[in-house]
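Make the full structure from the sequences, and use the hints.
Residue numbers (UniProt numbering), protein chains in the order written: chain A, 1 to 339; chain B, 1 to 405; chain C, 1 to 282; chain D, 1 to 247.
Hints were generated in silico from the structure; no laboratory data involved. Backbone N, C-alpha and C define an ideal beta-carbon position, used for all residues, glycine too. Wrong hints could be hidden among the right ones.
Reference listing, derived: stretches of chain A covered by chain C, where coverage requires no fewer than 3 residues with Cβ under 8 Å from a Cβ of chain C [unchecked claim]: (1) 77 to 91; (2) 122 to 131; (3) 136 to 143; (4) 176 to 188; (5) 311 to 317.
DSSO-like mimics (lysine-lysine), calculated; alpha carbons at most 30 Å apart, straight line [unchecked claim]: (6) B:K127 - A:K33; (7) A:K33 - B:K103; (8) A:K33 - B:K37.
Computed far set for chain C versus chain B, every beta-carbon distance over 10 Å [said to hold, decoys possible]: (9) L52; (10) D55; (11) A78; (12) Q114; (13) A144; (14) Q160; (15) L228; (16) Q267.
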Amino acid sequence: MIKRNLPFAAIAVIALVAAPLLLEPFRLSLLAKYLCYAIVALGIGLAWGQGGMLTLGQGVFFGLGGYAMAMYLKLSESGGGLPDFMVWSGVEELPALWAPFANPVFALTMAVAGPVLLAVVLGTLVFRQRVRGAYFAILTQALAAAMVILLVGQQGLTGGTNGMTNFFELFGADLADDSTQRVLYLVVAGVLGVLYLATRQLVNSRFGRLLVAVRDGEDRVRFLGYDPALVKTVTFAVSAGLAGLAGALFVPVVGIISPALLGVVPSLELVVAVAVGGRQVLAGAVLGAVVMGYAQTTFSEQFANGWLYLQGALFILVMTLAPKGIAGILGRLRRARTA
Amino acid sequence: MRTPRALVSALLLTTLAACGSPPSGSGSSADAQDEIKVGVLHSLSGTMAISEVTVRDAELLAIEEINQAGGVLGKKLVPVVEDGASDWPTFAEKATKLIRQDKVATVFGGWTSASRKAMLPVFERYKSLLWYPVQYEGLESSPNIFYTGATTNQQIIPGLDYLKEQGKKKIFLVGSDYVFPRTANKIIKAYAAANGMQVLGEEYTPLGHTEYSTLVNKVVQAGPDAVFNTLNGDSNVAFFKQLKSAGVSAEAMPVLSVSVAEEEVKGIGVDNIAGHPVAWNYYQTTDTPANQAFVKAFKAAYGEDKVTSDPMQAGYNAVHLWAEAVKKAGTTEVEAVKKAAGGIALERPEGLVTIDGENQHLYKTARIGVIRPDGLIEQVWDSGEPIKPDPYLKGYSWAGGLAEE
Amino acid sequence: MTAVVNQLPIGLSIAAVLLLVALGLTVTFGQMGVINMAHGEFIMAGAYTAFLLGDLLLALPAAFVVAGLMGLALERGAIRHFYGRPLDTLLLTWGVSLVLQQLARDLFGAPNVQVPAPSWLSGGIGILPYNRLFIMALAVAGVAGIWLYLTRTRLGRRTQAVVQNRRLAATSGIDPGRVDMLTFFIGSGLAGLAGVALTLIGPVGPALGTYYIVDAFLVVVAGGLGQLRGAVLAAVGLGLLNSYAEFWSDASLAKVLVFAAVIGFLQVRPQGLVALRSRALT
Amino acid sequence: MLELRDVRVVFDGFHALDGVDLTVADGELRFLIGPNGAGKTTLIDVITGLTRPAAGRVRFGGYDLVGRKEHQIVRLGVGRTFQTSVVFEELTVLENLDLAACFRKPLWSLAGRRRGVSDAVAEALARTGLEPLAGRSAGVLSHGQRQWLEIGMLLAQRPRLLLLDEPVAGMSKDERDRTGQLLTEIADDHTVIVVEHDMEFLRRHASAVTVLHEGRVLVEGSVEQVSADPRVQEVYLGRRPSDAVGK
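Quick look at the structure:
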């Protein structure tokens, strides 16, 4: 098995090294952005593809991670003073909620722990009551809607609709500098690689088998002596943590976090990406996120109006003709070739 | 192990495809020497498209006019149009693309404050130039942005002056929940305190909110002389419809809006909003020779049923002002253009505008208008002369606490 | 004090809007288990029908048919291949909703359009304008109509039979496919009616559907799977909650509170307000 | 070991169980029979926590079962199968059994990959004769094999009390015989309750039988006693010929 994976690992490493060399800095940071989305997609692949939980609120966790990171960046630049948007919003004293985020370790921890905690609370509340399937999907979607309203309403704390932008440096490195962006790309790609392997390990473990069992027969699993609510909550929390980490990486790469990134539509778009790539295989989820991100950039550059048509049509086609996504098509091709 | 081999390869191929994608703007050798690329960056899709598409149209019209007249420095302007998709991070991304890949000389774009705030670091980072065409909340003066819409002392404060003149002492503030309304309302409250006016209430609703019966109830119960409305977009439609059906008339309780222009009136329904005042610097009916030409040209280009509005005109002006500055500087180089821009004065549809070299805003005439039954806006008051832009309200003693940098 | 009292009829009128936008969903989601994310765009289609006809009363039946036919096309063209896969349907119909939104933008333009309100709806009783009362009446009529249809007509009883046991219904001579078509036609048609009503109080533009879809789903979830009674109770409850929460705080907080209430509510009654007991192991 | 007292279940006014008393001793093999709607499956549902009784007590080895969640009851040592077998089709036979065997382990320890085959799983494989199919995905099994896999999963759980809901329904003659054999083996070292319709199967493998009718216990005794009882003949013959004894 290790042998079979070796060539791919080699190609991955080459791509990691080659992309920064071949790509213009602007394109490279776009690629880094897609890879951030790919980390979220990994979590969706786990929760939805493996666990059958269609989460339409993944943007919320992504956003929480992003905001935690943004708070740190803002504070580190203002040197403990008030961040720029608070001045505009008429806030006079640094809110107590903000103070601990001056510490990078705390901020990074919260970027993951915050989403995990929210997922655990929400998961416990809904899964214990056996809310599932479509109900769960709708609730997570409502969560995304409610979260956006909450963030926008607390302008003094969160920057409102604007969100937070105008970041200059991360750990002393100038974010505007191309070399910093290159390092960030490598970090994101590396993190994605590690998380991909870890998630794959989880999927292949007994826990992964249990998760599939919960997906296909939640009630039956109860009679095997497991608590499906616990299994689902843990999985949901893992996917939330992945999204949170992705959000934290996203902020220095893209330079902005705003409610627009975590609402209903971006959350759904990520699910679309996973479906297009192929939800049943983790690599499909990653592939989907990169492909859809790339497609969105390219198509919106060429025909802005067509993008919605294309996205909608692509989705209808994938769901009706290839529910297993690109991964399914490739898998079939491969089988056809070997057969 | 369960991962299809082909899939992993595909993943890598995509990565490499992204690598190999030819950066279309980098072929500068192909760039004809007689062309200047300029960026046009507005939301062409999503919720903001309603407003921004018309601004893009006006900007493209101005570019066309300049090309008809022989271009700038003997070169033709070539617009590179991008879609901000009503999404702030997309604005930042597309701005980066326009600057770094297309290497445009300048960008005209943005509408919401959020989109401007998102683009600001990009333009500052790459020392490029943005022309922002919409009235906004002030408290900003980026060296890399020219603001061709009104700042607060050219719209909000004249609006309040007008209400005061009309004897409206008790006002109620209604706004969408984002930066502009909140900042505007801070200014209004300070103004009211200094001018013996009373603010009876201050309410915010989420963007895209459409249920206003509770809010209308609150307003009616408070019984103000006038309402100061900073709602944005579709919410205005719901608000005015529900206000009208609650039996509130423009005579009894005028609602002064700062985000409702000719274009929006159509969607709200003239019946629902006729008689209410608005505050801008320009109306389609503004009586200047430049405006007659502009309205005519715009209708000829985009259809007789099209209306022109303040932000459209401000976008249209932005292109002409930039072209003027480039001519004066003799180059499109950013620092030279900025330097040349200060002091440029042009007769525009809204009247005489002058670029304030210091804060890169415009001297503009404030105009209050009332919506006519035909959907156009009739001017009922103006400031007499162009007002010097004062984004930090330094010239207003009562605004002391608001404007710290 | 009057303001507080006024919030009661206001809450009920909000409830009527919620009920109207959710009514079609209780039929399609409830009776067929289909999550139709394009429901909002059917509402939009109803509103644009009113715009094209320019007459409210004429628009009601027309919008019902237009939205109903769109629903029918969606059901025949795509959804019927997806029965038993509610999550896939959800994503599929979301794709449809994107396409419909862009289509509306291309057909009618991005700006909002104006549907003139009929003069006989100007004025009102107390705090409630006639147009609100009209919406409330329409909601009541919609509920009554659905109830009569399901319980008093042969077709309606067949629908119930198919919902309860598809195979059994099929063996007793009912064609479940046709019942599905009809159910979807009616559910989507109700969205069209809601769209016409919404032109009285809100914007008519390509984004119309997106403003209502989340609320509509919350009503259905809180109301319990496809239970008419539940949907009515949930709409009234959420409408009143919204009205008073906004009155005592603000609109943003009211929306968040409504979401929290639905989550909290599911803790007490996980299957919504009204739920059927089922012995089946799913 | 298992003791039910005056258990009542009401579905929308219908009394599915109307005061059932039942005692099953340690090591016993008990058959539950009765016409359709008699409440057999409901009784199992009550014991395993799927249905909450309106009234009555269910005690198992000193624990009160009413109000406990399904998985908690399993953890006390009560396992069951379902009429329509539910196995996880995407998992292999071995993985199905392995999951069943692992439920006592802490959840975090499951994050590791499975190494080897545990004793409980090996034993379940051997007893059900599914060894040759261990690596196959459960989705390709025949109906009979699925039932055995379910029983195997039950065995892998190492429960103290097994509840089998119509284990031979729909099986061929051969399969029924093998299941019967399996059942006898299991009954040697477990307490078992079997719900069954098939009278022939009953005669061959049952010793103690409880007959349910309209939510009540009609009669209890050996197969001979029960089938000779006129009331039993009446419920079966008089009302639902299709369920008649000896069908």
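field: Contradicted hints - numbers only
entry: Violated hints: 1, 4, 12; rest satisfied.
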